[in-house]
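Q: Build the full structure now, drawing on both the sequences and the hints.
4 protein chains.
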Amino acid sequence: MNTFGRSFRVSIFGESHGEQVGVIVDGCPAGTPLSMEDFKVDLERRKPGAAGTTPRREADEPQIVSGVYKGKTTGAPITVIFLNSNTRSEDYEHLRNVPRPGHADFVLNSKFAGFNDPRGGGHSSGRLTVALVAAGVIAKKVLAGIEVRAMLAEAGGDTDIERALANAVAKQDSIGGMIECEVSGLPVGLGEPFFDSAESLISHLVFAVPAIKGIEFGAGFAAARMTGSEHNDPIMDATGKTATNHAGGINGGITNGNPLKFRVAVKPPSSTPRVQQTWDGNKQAVAPLEVKGRHDLCIALRAPVVIEAAAAIALADLLKSQTGHTG
Amino acid sequence: MNTFGRSFRVSIFGESHGEQVGVIVDGCPAGTPLSMEDFKVDLERRKPGAAGTTPRREADEPQIVSGVYKGKTTGAPITVIFLNSNTRSEDYEHLRNVPRPGHADFVLNSKFAGFNDPRGGGHSSGRLTVALVAAGVIAKKVLAGIEVRAMLAEAGGDTDIERALANAVAKQDSIGGMIECEVSGLPVGLGEPFFDSAESLISHLVFAVPAIKGIEFGAGFAAARMTGSEHNDPIMDATGKTATNHAGGINGGITNGNPLKFRVAVKPPSSTPRVQQTWDGNKQAVAPLEVKGRHDLCIALRAPVVIEAAAAIALADLLKSQTGHTG
Amino acid sequence: MNTFGRSFRVSIFGESHGEQVGVIVDGCPAGTPLSMEDFKVDLERRKPGAAGTTPRREADEPQIVSGVYKGKTTGAPITVIFLNSNTRSEDYEHLRNVPRPGHADFVLNSKFAGFNDPRGGGHSSGRLTVALVAAGVIAKKVLAGIEVRAMLAEAGGDTDIERALANAVAKQDSIGGMIECEVSGLPVGLGEPFFDSAESLISHLVFAVPAIKGIEFGAGFAAARMTGSEHNDPIMDATGKTATNHAGGINGGITNGNPLKFRVAVKPPSSTPRVQQTWDGNKQAVAPLEVKGRHDLCIALRAPVVIEAAAAIALADLLKSQTGHTG
Amino acid sequence: MNTFGRSFRVSIFGESHGEQVGVIVDGCPAGTPLSMEDFKVDLERRKPGAAGTTPRREADEPQIVSGVYKGKTTGAPITVIFLNSNTRSEDYEHLRNVPRPGHADFVLNSKFAGFNDPRGGGHSSGRLTVALVAAGVIAKKVLAGIEVRAMLAEAGGDTDIERALANAVAKQDSIGGMIECEVSGLPVGLGEPFFDSAESLISHLVFAVPAIKGIEFGAGFAAARMTGSEHNDPIMDATGKTATNHAGGINGGITNGNPLKFRVAVKPPSSTPRVQQTWDGNKQAVAPLEVKGRHDLCIALRAPVVIEAAAAIALADLLKSQTGHTG
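Residue numbers (numbering that gives the first Met the number 0), protein chains in the order written: chain A, 0 to 326; chain B, 0 to 326; chain C, 0 to 326; chain D, 0 to 326.
One should not assume that every hint holds.
Stated by the list, open to error - Derived lysine-lysine pairs resembling DSS-like cross-links, with alpha carbons at most 27 angstroms apart:
id, chain 1, residue 1, chain 2, residue 2
1, D, K46, A, K291
2, A, K240, B, K282
3, D, K140, D, K240
4, C, K170, C, K291
5, B, K240, A, K291
6, A, K39, A, K71
7, B, K140, B, K240
8, A, K240, B, K291
9, C, K240, D, K282
10, A, K39, A, K69
11, B, K291, A, K282
12, C, K291, B, K69
13, A, K140, A, K46
14, A, K240, A, K140
15, C, K69, B, K291
16, D, K71, A, K69
17, D, K46, D, K170
18, A, K140, A, K71
19, D, K170, C, K291
20, D, K240, C, K282
21, D, K240, C, K240
22, B, K170, B, K69
Hints in this document: simulated from the structure, not taken from any laboratory.
A: This is the structure we're talking about:
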């Protein structure tokens, strides 16, 4: 299902090569200033352009078609849409018989009995993340005074991103990356014991982003090899400030007022220029496949702002549950 | 909030030193055989007993108080409770002023304005995982023909678990661990694009388990350093069987029929025997703290069955959404 | 499914002749005083005792088994249970073949493929309303300063309740009734346009109460025969006070600060002492049936406090969504 | 919040005088044929045109902007939008100070702190029911073999609808009406005991429709004055067919296979041509108000297809929960 959130609710729709993609955001307090201009910086960060990114160019002009009146949110659902312009009408139907490895072709065709829109990945396309970014912009407004900041920490195993991209282009193979996200200015108390822990909601949304295969909070996987005396963060004052931050700003599923930190692993795009093996249903045999189309060699480059959006939406939902929903 | 699930729904309640902990499971098909005996193996796996585990002993006798008639589920909500017997009535109130590092003392006291039950962690205690395990047993019944299996892969950074525990006892410091979970026999098609991806639901529930700080699916964090041609799993036949399984059995958020694999990082218990520093509200200064009580040196030892339960509940929910809810 | 509510969430469980029935309430603010004593008045109002009520006597002693510490709610889920003591072990299995008219025997047997607990109606029994009443008591605490009051306006078409009951006993036939509910002290603004309108939530919960077949707000069905100039309530001051209250305190799905008023129709209990016709599966023919057991001739007598609970739960959910969830 | 449904989920957005109104429908099985043509009949039924209906004319051309590929649903969310063309840019801001009686002006202005879009009722306008009707068309496709049919039974207390309208025009006062809805072809077993009873879900959605003030199932309010032996429907055969249908096709919250029947009361439109009294915030006094604009004298005329949509959405959600969600 395409909806997330209890008090700050996001619903996305659209397909990569359909007419439009969009998002409805429900639960943004009335009276929040909101204009097309507000989306600009984050949308720009998601756009391709660097070496190794897709040549597909979309204007990504957000249109606010509901929920805003005289420049301010009304309390009604906010709908933001993006028209798809730069689509190509090649035939994607053959993917039903020759699924691309690493892609969702096989599972979508099976799950939806061959009725899914195969063009550019259809509804499952990374194109939909433009809608997540738009929702993230609104979520960040709800999180006034709280800063959510993600950055690409490494690509292809290298912290020198430019060099990694140059290598990928040279080798003509796609690469993965690692993103770090930090949220500062959070109040103590967001998140619930157990099912609605801060980690639960953030990870739920982060894994809604295509290509993410791991997440760790604070010391994360390294914590599995630490002792308690190493890992515990000494509390230094009455506000709960800690000397270290191995917990990543969360204890018992609840924010502790220190910076919330997490890292995510982004896999290399499945659409590598390299020839791969897959099951060819026409030949009824394993056969080599060359994936055509316009693709990113390193989607991790464009993903930090999407991860920010995921974190912001989860935290806005927790904050709104805590504070209630109007003005 | 204490509820998870859309079609297979789990609600937990109780406190570490309260009268009972329990769980309501809604959405289990009518006619499923269910008896106290069914819970035995999994509950036994969660029990302490090994070196370095807590001396607190609970009978952990499940009582099925609703939803079962003549040995079979009725389609009505199933309630399973566990009476707490082995609780100790020490005073925990001082934790409000001297919060234990790494614990939720500080955040709970702040979030609930000093009204939370502090005894043994109250509702936020690992004691509640007995209820998750019970729900997991029922979820596994829903997942007939599907096997969910988790094991401790390392403790304290060592794959020799016994040695790691002996070291922890010798050093008198708590240690973390790494758990691997594999689910086999899954159909193609569980999970939805975006918000209800299989990874989203599993991670949501896994992070509901106390002490978990990271999760990765398939190649996980290693994928961030692979190329597309290395990472993509060649598809070998018409059923979608792949030559490798870097995807961990999930493409585009949807199960692909190969074994679903994930790993989780368990942090060392905050209750280490070592003296730690924290803010002492009585002294209005940072001061050393020695944590008393009955604690585990390596909670990861007892956690695999809890992780299995988390995975089983998430997958049962996805399966039930797919197949509907009766007979 | 057995759960209702977004911000104030209620889950019920149990069967008429099972070990216990109970309720989990999640979302009650921490620090709310709560004791067994608080439930007494409302539980007493639900008890049988008058002419024409069932001879089944239950102690209805609530046990608070989680969520309360030192007499105050902790912010964790509150569980209240009631042990069933006065059950009788007659055989109900024959109802699978000879369903009682007006009862749920036929639909439950069909829906749950013969696995439902048939004893005394199983999970579908009016016995479960004791759990709703308990949840209502907690909801009323959340609604501090707001008074929810329901009363029986007529029974068997007669406003003289005593006389109506005497007639029913004399005629040995069950009778229905009409309940009026008024909520005063509500703030302006509870409810949302469309799907979460105040009427939507209240009616959702009211129809969760067995035997309810109609609900109307304010002028209700009479409004269908009024003109706009008759029906509209003139607004008399800046607080929104109206001269009349045909709207029943709700405009556009949102409370307007005037008393919220609604009426509900309670059908006569299906278990009338009269002989009825039904399909007898054993004889494969329509045959007369005499319903045995201990039953109410006028369940409407005991229902007002249940209707209050339904309204209070719905309004507590709306209020909590508005104000957020902690102390 | 603007979303309804667990397995068949509907989210609406838009404002009366905004750019567009629309709906996202999630949970429609892949492979369902769907075209603009399918919406035509139901949209036509909702259109004004008869005596006493608004002179506002909208083309009501549905645009399917997601979820359909090659004329069939894909399993992804379906979005249908309607551009608003025939809006007028009068000033509605004065309604903040002089709220129209019976309208939501007062409560919206209060709830959303003066930020709501006041033009033509903004998000709370009956204009949004065009989106409900569109969702209803899709819901009816899900309910293949089940017929949902609503009709206007009376207007202004008169079963001669033409005469009633002529009277309303003559008297220049708005009138209410009564709608009857019948659903045939339903399977036994839709609905759950208690919170998700068939009546609960249907009434929840019916009260989401503006101007509805009452609902009754089967004998409804008349049942309150019947005896059990009169009200109970004798069961006539093994399929559960009953001799009468006082239950309206629902027992214990669950459909029994007989026609599901309910009636709803529609109040007269608040925008009567008559002069009314209200609080005039400018004058700080009660003052006469004449409501301008283009309005319906009898909105009940156009409401049957909206009520059908409400019933169809609720039943599609119950059916999908029962049968699961793919092709």
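Q: Give a verdict on every hint.
A: Now the hints, each set against the structure:
no. : hint              : result
1   : D/K46 <-> A/K291  : violated, 48 angstroms
2   : A/K240 <-> B/K282 : holds, 17 angstroms
3   : D/K140 <-> D/K240 : holds, 25 angstroms
4   : C/K170 <-> C/K291 : holds, 17 angstroms
5   : B/K240 <-> A/K291 : holds, 23 angstroms
6   : A/K39 <-> A/K71   : holds, 17 angstroms
7   : B/K140 <-> B/K240 : holds, 25 angstroms
8   : A/K240 <-> B/K291 : holds, 23 angstroms
9   : C/K240 <-> D/K282 : holds, 17 angstroms
10  : A/K39 <-> A/K69   : holds, 19 angstroms
11  : B/K291 <-> A/K282 : violated, 68 angstroms
12  : C/K291 <-> B/K69  : holds, 23 angstroms
13  : A/K140 <-> A/K46  : holds, 21 angstroms
14  : A/K240 <-> A/K140 : holds, 25 angstroms
15  : C/K69 <-> B/K291  : holds, 23 angstroms
16  : D/K71 <-> A/K69   : violated, 39 angstroms
17  : D/K46 <-> D/K170  : holds, 23 angstroms
18  : A/K140 <-> A/K71  : holds, 12 angstroms
19  : D/K170 <-> C/K291 : violated, 58 angstroms
20  : D/K240 <-> C/K282 : holds, 17 angstroms
21  : D/K240 <-> C/K240 : violated, 50 angstroms
22  : B/K170 <-> B/K69  : violated, 52 angstroms
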